[in-house]
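Enquirer: So the sequences go chain by chain: L, U, D and W.
According to our numbering, the stretch in the first sequence is residues 3 to 457, in order.
According to our numbering, the stretch in the second sequence is residues 1346 to 1550, in order.
According to our numbering, the stretch in the third sequence is residues -14 to 234, in order.
According to our numbering, the stretch in the fourth sequence is residues 8 to 180, in order.
No lab work stands behind these hints: they were computed from the structure.
Check the hints yourself; a few may be wrong.
If you anchor each label on the Cβ, the simulated ranges turn out as follows [as the list claims (entries may be wrong)]:
1) W:D52 to L:R136: 55 to 63 angstroms
2) D:L128 to L:L165: 54 to 62 angstroms
3) U:D1544 to D:E195: 22 to 30 angstroms
4) D:C16 to U:I1424: 55 to 63 angstroms
5) W:K176 to L:R24: 37 to 45 angstroms
DSS-like mimics (lysine-lysine), calculated; alpha carbons at most 25 angstroms apart, straight line [stated by the list, open to error]:
6) W:K60 to L:K199
7) U:K1404 to U:K1524
8) L:K348 to L:K5
9) L:K199 to W:K61
10) U:K1427 to U:K1524
11) L:K199 to W:K176
12) L:K5 to L:K353
13) W:K102 to D:K217
14) D:K169 to D:K60
15) D:K217 to D:K203
16) D:K60 to D:K209
17) U:K1423 to U:K1464
Small disclaimer: the values here were computed from a predicted structure and weren't measured.
Each residue gets a CB set at the ideal place from its N, CA and C atoms; glycine is no exception.
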Amino acid sequence: MNKTPEQINEELLLPLNSTSWRYYLAVAALGMLVLVGFYAWGYQLDHGIGASGLDRPVFWGVYITDFVFWIGISHAGTLISAILRVSNAEWRRPVTRCAEAITVFSLLIAATFPVIHLGRPWLFFWLIPYPSERGIWPQFRSPLLWDFFALNTYLIGSFSFLLLPSFPDFALVRDRSEGWRRRLYGILSLGWRGTPKQWHRLEMAMRIMAVAIIPVAVSVHTIVSWDFAMALVPGWHSTIFGPYFVAGAIFSGIAALIIVMACVRKLLHLEEYLEPIHFDHLGKLLLAMSLIWFYFVFAESLTTWYGNQPSEMTVFWLTRSGSFSPLFWMMVICNAIIPVPILSIKRLRSKIGWTVLASIPIVIGMWLERFLIVVPSLEQNRLPYAYGTYTPSWVEIGITVASFAAMPLLYLLFVKAVPIISIWELKLGQHEKPAEVAAPVPAEEIVQGATASGR
Amino acid sequence: MKHGVSAFLVAIAVGGVASILLPFLVSGYVDGNRQSASPSYVTSGKCSASQMSFLAGAKEYFGIYPASVRQPIAFPHKIHVKNGMPCETCHAGVDEGQQAAIPGAAVCMTCHQVIATNKPEIKKLASYYRKGEEVPWRRVYWFYPSAHVDFWHGPHIRAGVECQSCHGDMRKETVAVRKAGLNMGFCVNCHRSRHVSTDCTTCHY
Amino acid sequence: MAPAKEQNQKAFRLKRRNWGMAVDEDRCTGCEACVVACHAENNIATVGEEQAARGRAMHWIRIERYYEGTFPDIKVKYQPVLCQQCDNAPCEAVCPTYASYHNAEGLNAQIYNRCIGTRYCANACPYEDRYFNFVNPAWDEPLNLQLNPDVSVRSVGIMEKCTFCIQRIRAAEINAEKEKRQLKDGEFNPACVQSCPTEALVFGDLDDPESRVSRLAKSNRAAKLLPDLGTKPKVTYLRRGSWYDEQNT
Amino acid sequence: MQAIYGLYRDPDSAQQAMDLLQQAERGLGFNDNQILVLTGEPYEDHAFGMQNKKTIMPWMSAGGGLVGGLLGFWFISFTQRAYPLMTGGMQIVTKWPDGILTYELTMLGAILTTVVTLLIAARLPDWRRHVFDPAIGEGKILIGVTDPPEGSQDELRRRLRSAGAVEVKEFIA
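Pulled out of the complex, with its shape left as it was, chain L reads as follows (with noise of 0.2 angstroms):
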């Protein structure tokens, strides 16, 4: 890829331009998705949380689910664009935006079904630290306090980590466009110029955000994981849950980011920027989540079984071999055995469509994994006679639809309203031209031009 600016700020200021009409007919699709979610949660908060499918023992079900799957997802973003930052991979630029906007989107999502979940959502500003006449604050041991400051931490820090680097975007799009968009731009940049001490603030502000975010990201959804490792509950009550939810936090990010990045690719035609050799590199460290997330789930196994205490074996035989059995050998296919052996072949992963194919299970895989760790140790918790079961009711799954609509909607109006791939810092790299932005050449193209050349 070598263009020159004025080709990139056409190609990628495209998409705020100009609008087909399959644009409008997508919104309104997922729009209407998301009403019905909205309806959904409407008719809970009508008949009470009765309206759920949850009941005794089971009172965390599908919304607990989805919380920590959209905070799973969140890790695609901030995470993943602070560690190439970090690491100063040069393959980064087209990728970094596409990923944090994942992150700021994915956490609104997942901060919205804590409060649906809740028994009386109305109450549910008790969660915030405020000074009330009561003179009672909120518990600062409860493990939903911790994540409470957690989420917050994260979503300011991803929205900033998305925001800093998009004033001299704004700045190009204010110059590049007229009547009111250039007044809103003209807002949004904060009148960025480009001096070099402007840029310079920039590139420092970012390095060091780039440096604090990474520990927040690992602090959140350790903080997840602890929401149930804190609980006496078997099958909760585990030390291996942080390094396992993070784990499996950046292996779902990552299957979501390559699904989103060929969505993306496709639909605003930047075949150019985002290249097969991005999918390949991302492709590599799905592959190595992949292995990392099974070496998780057999450690975590092997304790439980070797310790073989009567009520973690009673879930654990649920999971494995009892009702729970199908989803929890699907979750294994999806996550491991379908994408290991595809991102695993050189020739498969480097090719987008492949690589698409193997994300997608691992997505399902993971809400999977989630409701397996939710809801099974609920079932069977420890006094027998209080055994019981769960099934989703259609409350549960409209808002879960809508939540998974509402990932592309947002995604849509925000592609419209700013630049999905940063274009200052890709003209950045196009200018030092490092080496690690070419594709290596395939081994037998090698081969083959040794042999054409006689040799």
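Assemble the complex: chain L is given as a structure, and chains U, D and W must be docked to it using the hints.
Expert: Showing chains U, D and W alone in chain L's frame:
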């Protein structure tokens, strides 16, 4: 076409709010048997489970109490207090148990058979009494059921808390009006300053 | 004006209690009188057939039935399970709003108006003895007239559980304070204890070495439910000839 | 505000223009602060993009983190003592969970301080009208002098052009 995006945003926002409200509008709060998630379900006292209106629910949510209540008889507290009647004379049992009594018409008539019989308000009282009815006094002080408060007058009186610290100076009032907000901060501050228990289960159960 | 009663301000303090219960499983016949009494005393909603079938029934005390042996030689064991009022309660620390906390009397208190319904406590409770109002409770006429005015009615979205009949504790304390005396052992009882025909349930102060419950708690038949979790329950189970004896000698 | 500037296609000629301006500033009566550089992307490997490299931003961020953490720990332990309630047999000020929250608030403090420091250091937001040319968005580099002294304009134009400017323009606000 450029305005399409903002139009969609507005439509989504409006539609989202509307579809949350839709079940409420469809179901209608008029139907008394519906189960509802509005913050409350009881209109007065702890023991009725009737459905309340959306507005009443909102008032309860924000802790808004009506300051004054229209009473059937404009009872002048100030005259009675000025004439040297202590509160317990009529509000019997306040120092003993949980609630302060509201006197029956017969109690009033022990005096008002002879005192001020020509006043219009006393005539109203007398007519209730003749019909064998009680005066339908309306409650001024109460806690919303969502406060889950169980208040006992007795221990407070025995601890020497003046009636007026919560109910205002009745030497100046005709019918009772709600003087103190009686929110949790009001109670807790007094409990703190008197070094009595601020344990939650002192009041909430 | 209430005249200031100066003499009453000289602090009369009730002795702090440490409430506990003993459950004699050898005496329990599984008659469920305690369950009914608890429902009546504490305004516990009956959720109806449909909701109960979905596992949303609420009984602050329940009789768990376990069967031992093979047919026809079967023994039924009854185990009344109520909130164990743990000293190290797993449910308390996870509540984000202090709706569940431990008070000075050793009660594992549940403050309804503070509850926002995260249901985390119910997950954390190993005894599964926390009950959630999945739907708004309703009482068909005239059942609403039998509600106990001393206990608040919980609405939808609130977690509730056994309180050791805190309203009776408070009433007894206020009476004792009025008469300026300390509470006597057995002066009052929670509804379940009061209604138990075989006196399988005993309630009292665990800190008072003379009380019945503290003597039963030290009995060699005494055991706790799920003792290995370290929750320090304040309900003691009494049973002869069971695995408890082997574990707790 | 007035300015005379040249637009350059490549960093080398921009650097040449910069050098020419710096040679001339004593003679024509302006100083370094009046030399203006605007670019569409950072040129940190070139001398003209190296102005103002000194910053205390990392120290600010670290300090912000420290302040955030200390304030966070104080706030959390204060709320725990303000209405002391026992839960789960734990002490009132619980050190382990407070550590988690202190950590989160440390990071929040660092992140917020970084953002605020960036905005202050980069003089943002600033919506006033300044010397600007949208051409920098097409990869051009703008080198110029703001408020050039009387009589120096012609010399400045000559020097800017001699460095290989695509265009030399004047900005009058």
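Enquirer: Now tell me, hint by hint, if it's right for this structure.
Expert: A quick look at each hint next to the structure:
1. Distance hint check: the CB atoms of D52 of chain W and R136 of chain L are about 59 angstroms apart, consistent with the given range 55 to 63 angstroms.
2. For L128 of chain D and L165 of chain L, the hinted distance range of 54 to 62 angstroms is satisfied, since their beta carbons lie about 58 angstroms from each other.
3. Here the CB-CB span from D1544 of chain U to E195 of chain D is close to 26 angstroms, well matched to the stated 22 to 30 angstroms.
4. Between C16 of chain D and I1424 of chain U, the C-beta spacing of about 60 angstroms keeps the proposed range 55 to 63 angstroms intact.
5. The hint said 37 to 45 angstroms for the Cβ distance between K176 of chain W and R24 of chain L, and at roughly 42 angstroms that hint holds.
6. A distance of roughly 7 angstroms separates the Cα atoms of K60 of chain W and K199 of chain L; the hinted pair therefore holds under the 25 angstroms criterion.
7. A distance of roughly 18 angstroms separates the Cα atoms of K1404 of chain U and K1524 of chain U; the hinted pair therefore holds under the 25 angstroms criterion.
8. About 28 angstroms separates the Cα atoms of K348 of chain L and K5 of chain L, which puts this hinted pair outside 25 angstroms; it is violated.
9. As the CA atoms of K199 of chain L and K61 of chain W are separated by approximately 9 angstroms, the hinted pair is consistent with the 25 angstroms bound.
10. With a C-alpha separation of about 20 angstroms, the suggested pairing of K1427 of chain U with K1524 of chain U holds against the 25 angstroms cut-off.
11. Distance hint between K199 of chain L and K176 of chain W is fulfilled; the C-alpha atoms sit about 23 angstroms from each other, no more than 25 angstroms.
12. For the given pair, K5 of chain L sits about 23 angstroms from K353 of chain L by alpha-carbon distance, which is consistent with the 25 angstroms threshold.
13. Between the alpha carbons of K102 of chain W and K217 of chain D the distance comes to roughly 22 angstroms, so the proposed pair stays at or under 25 angstroms and holds.
14. Between the alpha carbons of K169 of chain D and K60 of chain D the distance comes to roughly 38 angstroms, so the proposed pair goes past 25 angstroms and is violated.
15. With a C-alpha separation of about 14 angstroms, the suggested pairing of K217 of chain D with K203 of chain D holds against the 25 angstroms cut-off.
16. For the given pair, K60 of chain D sits about 21 angstroms from K209 of chain D by alpha-carbon distance, which is consistent with the 25 angstroms threshold.
17. Between K1423 of chain U and K1464 of chain U, the direct Cα distance comes to roughly 16 angstroms. Compliance with the 25 angstroms bound is thereby established for this hinted pair.
Hints 8 and 14 from the list above are not met by this structure, while the remaining hints are.
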